[in-house]
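Taken in order, these protein sequences are the chains called A and B.
Just so you know, we're using the numbering used here here: the first sequence kicks off at 1 and counts up by one.
Just so you know, we're using the numbering used here here: the second sequence kicks off at 1 and counts up by one.
Since the hints were made in silico from the structure, they are not lab data.
Simulated crosslink set (SDA-like; lysine to any residue; CA at most 20 Å straight-line):
{"hint": "1", "chain 1": "B", "residue 1": "Lys52", "chain 2": "B", "residue 2": "Val110"}
{"hint": "2", "chain 1": "B", "residue 1": "Lys209", "chain 2": "A", "residue 2": "Val125"}
{"hint": "3", "chain 1": "B", "residue 1": "Lys209", "chain 2": "A", "residue 2": "Val155"}
{"hint": "4", "chain 1": "B", "residue 1": "Lys209", "chain 2": "A", "residue 2": "Gly128"}
{"hint": "5", "chain 1": "B", "residue 1": "Lys209", "chain 2": "A", "residue 2": "Arg113"}
{"hint": "6", "chain 1": "B", "residue 1": "Lys224", "chain 2": "A", "residue 2": "Gly157"}
{"hint": "7", "chain 1": "B", "residue 1": "Lys52", "chain 2": "A", "residue 2": "Pro371"}
{"hint": "8", "chain 1": "B", "residue 1": "Lys209", "chain 2": "A", "residue 2": "Arg110"}
{"hint": "9", "chain 1": "B", "residue 1": "Lys52", "chain 2": "A", "residue 2": "Thr370"}
{"hint": "10", "chain 1": "B", "residue 1": "Lys52", "chain 2": "B", "residue 2": "Arg237"}
{"hint": "11", "chain 1": "B", "residue 1": "Lys224", "chain 2": "B", "residue 2": "Arg212"}
If you anchor each label on the Cβ, the simulated ranges turn out as follows:
{"hint": "12", "chain 1": "A", "residue 1": "Asp252", "chain 2": "B", "residue 2": "Gln174", "range": "15 to 23 Å"}
{"hint": "13", "chain 1": "B", "residue 1": "Gln174", "chain 2": "A", "residue 2": "Asp146", "range": "13 to 21 Å"}
{"hint": "14", "chain 1": "B", "residue 1": "Gln174", "chain 2": "A", "residue 2": "Arg49", "range": "30 to 38 Å"}
{"hint": "15", "chain 1": "A", "residue 1": "Asp252", "chain 2": "B", "residue 2": "Glu178", "range": "19 to 27 Å"}
{"hint": "16", "chain 1": "B", "residue 1": "Gly84", "chain 2": "A", "residue 2": "Val132", "range": "51 to 59 Å"}
A few chain A residues that face chain B, going by a derived Cβ cut-off under 10 Å, partial list only:
{"hint": "17", "residue": "Val122"}
{"hint": "18", "residue": "Arg144"}
{"hint": "19", "residue": "Arg145"}
{"hint": "20", "residue": "Leu336"}
{"hint": "21", "residue": "Tyr339"}
{"hint": "22", "residue": "Gly340"}
{"hint": "23", "residue": "Pro345"}
{"hint": "24", "residue": "Ala354"}
{"hint": "25", "residue": "Thr358"}
These numbers were taken from a predicted model, which means no experiment stands behind them.
Glycine included, C-beta positions come from ideal geometry on N, C-alpha and C.
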Amino acid sequence: MTSPASTDLVPPQLSAAPRPAQGPAADEGLARRLRALACTAPLHDLDARKANLAGEYTVYAMAEVALAAIDLITLNMDFDTGADHEQIVARLLPRVAAQAPSRPAAEHERVARWVLENLINVGSVDRGFRAVYGTFGADGVYTRRDYDFKLIEEVPGYGGGVYLRTTDEAVNVLVGALDTDVTSAQIAAEVKLEVLINRGRLADAQLAAEQARYRTVQYAETLRKTLEATRRNVRAVDWLNAVPDMIAEALDHVADRYRHENAILTNIRKARDEAESTSDAKTAEHKRRAAELVDIVKDCIRRHTQLQSRLLDAGPLFRAEQDRQAFAAPTAYTGLDLYGQLVAPTLPLPVEQAVRVTDAFFARGTGLRTPASVRLGDLVDLLLTPPVEREHLGAEMPEPDLIATPDDSRFSEEQLASALRLLDLEHDAPRRLSGLLAEARELDGDLPYLVALLAVHAASPPVGTAYRQGEERLLFAVDDGTPLDDPEFGGADLIVGTALLDAVGMAADRSEAS
Amino acid sequence: MSETHAEYADAWGEQEPPQPPAASTSGAPASAVTPADASDAARLVSFGLQPKLLPARDAEYGELLRRYRENPAFARLADAVATGLGLVVLEVSPRAGMAVTAGEDSVFAVRMGDYARRASTDSADRFLHGLAHLAVAAMAFPRPEDLADDAYIGRLTVNGVDAFVRQACLRLEQRAEEQGENTDPASDAPGLEAAWRIYARRSATGATKDARRLAGSTTGIVGKAAAFLTDSGFLQRTGDEGGGSYRTTARYQLQVRDMAGSAAMAELLELGVVPVSDGSATLLPPPEGDDLELAADAGLPFHASPPA
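Extracted from the complex, chain B is given alone in its bound form (with noise of 0.2 Å):
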């Protein structure tokens, strides 16, 4: 992981270098700076303000990315604008526009507080709402090649995340019974009760009296989650089926790729509870597993042989 890590730092480092340029710039006579282009250059990150537009719909949004594209002193001085606003610059591209994100403490980052009411005061209900948006993440982008190919377009449904996430708390709830563990928490110490039990005990779904999705159960946090990535520019409805169906747009794959996978991978490593992976499938059957005879009726097409 660390590899995969460094090498998006590295790729980052050529798309944002402000520093180096703009001390050339000035010695280039032809491209001096004008304000009529700072205006332009506030205005292309102003597009990027924006993230449901898209470039393909408005003709200045299009026209300023080909500038950017074709004009390394525009490019700098766009960057110069976006970084000043306190904002990251994931891609300029005509698939995913001007691709900014909100940097830590921007003005513009999203507060768990704001984002959900209960969030700032209840710890497990904190977790919930993170988790949902991991989920939602994973879900989109069930394997490692999925998000790393830009041309995959990611499906999920609300209940489909639940269920998804429901089913590994299954698992794990499986796995401690077989290791005959007890895994009902201590009553003094509510922080040391494992995390997925928070998930597993909270409803699914409940009845409320408008019909709609109760706002505390999983489906609802979900289902808010996938609103507001919505909101974000980050998916898009595509149906009501499954508690409201969704398709990723570029920008959440930049997003999840670039920024917030790596800087939760960073704070897993920090608790020092990942091992260190090269970056293959963790979901695989393990490679002891030896032959074992499958059964005549599974009807599997193969027998998948572990990566070497």
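Bound conformation, chain A alone (with noise of 0.2 Å):
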């Protein structure tokens, strides 16, 4: 038996009932924040699972190091290159040895590897992370999706080289300020800079400006992607309005950031002079700290020009494309415009959909290929051959066929050896070279000219050369006038001798002067 009161309660029960969400608009900063909250859980994830690693790796403060890492690929990536993984291993050993000096230093490269390695997530097959959240939609309906998301990625470089990046969502964890405009951010960050100066609370300002540099790293970031687009196809992008939109802003930005980041410079140079005028512990902590930002400013303009430049460069690229692509004989017949009409429609489809079209088109658009009949015989030999080892050398190299080159010096080893043994004299009984050149004469009819050439060369003997090397005789030539009597040469009859050298007083002078 049920009472009519119990059916009127029904429908006020009804409205006094929760919502189930505040509408999309709530919805949507919380899905914000829990994809923002999820770019952390990596970092919380290495510390949790360095248990599990064979051997004793608490110590280790992973978050840490990740987070120094993704410091470090952001600092270092520049527009044509990322970071290189090698040298990136190398910067963080300081600190993975900092926080266990103990440990042998094998171990602290394992942990920077591995804390790397996970950065990147390796494991995977898309080297990135995956965050499951729920959202309600407009209709009240709840739904559970997937935010996929990397905070370091791979990208190719030069050479075929690997790179490592920071993503836009490693930047924004590592800052810190995890939704926000970049450029309201850069410009919110340095007007605190500026105040944070007037009032000489440089420590804050340095943090600023590092945050400033960070902002600067991801704008440019995004730029360098637009502009990539352009290079490879005017089509490709929107040349009437939307690149040129984008140039412009970011001249503008770069003209403007320029302009703000110098007035900073000179105030921080005015309060770091400031600062030099007194001198005690605190001003000159200040100075340092001053000093420090400077640096931090003026890399943050070297890559606004470097920015400008790349700008800069669009014109002239697109103009040459565009000479090669607009002003060509227009065909009589237009064919198929393989982007517009199946790459764009194709790629918002949902995958079940997408996959039936390059389905299609892979199955008319690979070509053939002949089956290979197999016999019997042939498959035993296949299956016995041992697999051919991989190459880790490299091609051999290639025997050198070297061919001897005649020898076409003018006197041969035994000249020089005799030549040398004559002018080997006493250092207290220098010689004539008229002397010197009739005795040579008497060996070998070729010698007289290399013990000239030797004599003429020791009228400038390299004592330089001699004391660096700290040599304890030196043959020297001297003129004093007398006129060479010789058949076959002219000039000076030098006297030519042996000066002893101080050696130990050489080495004393060569020892004081380094």
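The two chains are supplied separately, each in an independent frame; assemble them into the complex guided by the hints.
So this is what it looks like as structure tokens:
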């Protein structure tokens, strides 16, 4: 038996029940924060999983190493390349080593590599992370969604190398401002910096300046991606509106930042120089911080300049491509617009539909393969052939085909030896060149030329070399005005002698000089 | 599009009319088919099955091609041999040689499962491999004119193709963001994930132990497609820069223009997503794009006027 009152009670209960969600707008903010939160999860995960590693690794603060790694990669990535993997590991090592100084260096390196590989998430096929979160749609239906993100991505560099870049997500995690507009955040950071400097709070100012630099790097990265697309295909980019707008915006940004940062630079220098006038420990500390700040802002300016030169390159590049593509003679009939009519409409489709299109293209677009007919005899041979070992050392170097160059020296080794023997004079008994020549002529008809050559060289003895090499004897020749009377040679009859050098004294001089 | 498609279909019909002429051949006493002719025709088709073989490099191939073009009866015989083997004749010319391709269900056809093992089980990989081939073609022939122009030679690099698809995905992502869409797919319906997201979230490259390209990365997938097309005689490798650079051959243009492009287009039309286009480039700025003042620093030479 039902009471009528109970049916009356139902509608008020329904209306009083809590709404499932506060509406899509509030939910969107929640989703954004959930995604931001997810980006930090891999870092926490590192510390949670370090206990599972074979060995006693709890002493290492993995999240700290990870943040340092993201820091290093962000600061090292430029326009063309990212950061080098090995270099990042090498730079991480001091921090890892400081956490556990007593452990072996090999372990430090292992920790650094483990952290870096986990930030890339080498184990997964996407090399990324996935977090699951739920949202209420506009119709009030709760849906679980996958959020895929990367912290460090591997990008191809010149020469086939693989470089590391931090993603926007990672930069956001690092800076800590999890969902902010790039431009406004930078302006805010700079205003903050100026205020801080005026009040002399340089410690905070340095933090703000570093944040401004991260923002700069992030902004450059966004622009780089767009410019790259412009280079590839004029048609793929909207050169009427979007790119010029983007370039103008970026140039404005660069000009604005340049002016701003130069102003900051001037201010900091002033602050630094004012700090210089007084001299106590506190102002010295201020001075040091101001100097660091100058370096950071200089780096910001350098990055802006680099960005600007890239922006200015974009126009000529577009014109060259335009010449090639737009000013050619038109063909009689038009073909299929592969990008516009196939790729572009396919990409937004759900994958289960898109795969039908790509399958159709694949089936007709790959050409043909002649099927191999298998014979049992071949198969046995094939299976029994040992696998070819992969070459670790690269291709074998061809044996160089050496050709002996003809000996075209004027004098032989023996002649040189006898000439040097002839010139090996006692230090207190110098001789005239004429006498030496006569003696040489008796030994060998060609020898006087060599002796004369050596004697002429000795007229300007290599004193400097002898001094550096610490030699004890030096051949010298002096012209005292006597003319040489010889059938083959003319000039001065040099006095050739040997000088003894003070090798010990010279060595002492050298060590003093250095 | 439907017009151009019809145009190709007509050209097709002209090129491959085996049945009615076969009757007339028997009527003409001068051109009775001998076993030697059949052997030569089959030989020509077998040359066509070696796509990397160039007619200019092989005297016998060149001679058979000349005979095909000068002797209609021989041409019909060669066409018949090709058709019987499950092949489709695209063009017979000195530049492309005997350009034949595998018909559907032919023993010569390439199957996705043989091409990449993961692709047969994983629909994301299957899509990525197919998309790689589509993107290579789109990069090789960026404009409709390029695909139509017989003299055009396309050039591409593996990293270039990857970057270009990535950029397209990036723009879709930006557009979705602007519209405030949440593109993260529902966990229980992975098939509904937007196709571009599959590509965007796959890593572009990755370090491997032996310094080879990571097979599952997008550059690995595009690189595989380029290498495969090279083996098909569709691309020629020209260098190592940009992850491997290639140029297209006449055969590739024919294959994309006459076979693959129209097949994929038909599939898209069946899905009901392609607006019928008049063949002008879809990537030009929209006509309603009012004459915005261009930035002085952008260095643009002119205002492109949208086609009327």
